[in-house]
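Here our numbering is used: position 136 in the sequence shown is 136, and no number is missing along the way.
Derived Cβ-Cβ restraints for the label pairs, each shown as a range:
{"hint": "1", "residue 1": "Arg131", "residue 2": "Asn75", "range": "39 to 47 Å"}
{"hint": "2", "residue 1": "Ile139", "residue 2": "Leu44", "range": "16 to 24 Å"}
{"hint": "3", "residue 1": "Tyr86", "residue 2": "Val138", "range": "15 to 23 Å"}
{"hint": "4", "residue 1": "Ser76", "residue 2": "Leu44", "range": "47 to 55 Å"}
{"hint": "5", "residue 1": "Ser94", "residue 2": "Leu128", "range": "19 to 27 Å"}
{"hint": "6", "residue 1": "Ile134", "residue 2": "Ser76", "range": "37 to 45 Å"}
{"hint": "7", "residue 1": "Ile83", "residue 2": "Leu44", "range": "35 to 43 Å"}
{"hint": "8", "residue 1": "Gly145", "residue 2": "Pro99", "range": "18 to 26 Å"}
These aren't lab readings, by the way, just hints derived from the structure by calculation.
In this text, a Cβ means the ideal position worked out from N, Cα and C, and glycines have one as well.
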Amino acid sequence: LIIAILSGLLIVGCVEGFGSLFEEISFMTSDLKLVLGENPSTILFVPEILILVLLGFAGSAVRIYAAIAVGHQLNSHRILGSIGAYLAFGVVESIITTPLGMLAESENMFTLIDNIQSNMSGIGLTDLTVRGLIIICVIFTAIYGVVSWKLLDKRLNLE
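From just these sequences and the hints, can you work out the full model?
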């Protein structure tokens, strides 16, 4: 959905110029309202996706920064240490998030999802999933931020 919107904006910007950009945005917004419906719970779906994308970008930057901070704790081969720290962060993220994904596929979770889904639309269940991903992204971004802040505070000598 986001890629389709960005592609449409890119095509509109290249072909017709930026004068009609706002007309196309309003056209896409009206089409999006037709797809999502007028349900109040679906109005926040697009901003939540945008927040998730922006948090993903910020989380990636902070993860790189934390990997550099960890790698530079070594006395030699600092770049190699930074690359290793970045890969280790990815492994740790996978180890933590894989059980969460497996939990979502368990039989008890299917029953819970069926109960939730009977009370909300499909977009509401997707909205709930996006909110969970936002929470996970915020947690990892905060952890990487604290790691880089503590390491730089402890080891950075600006005198």
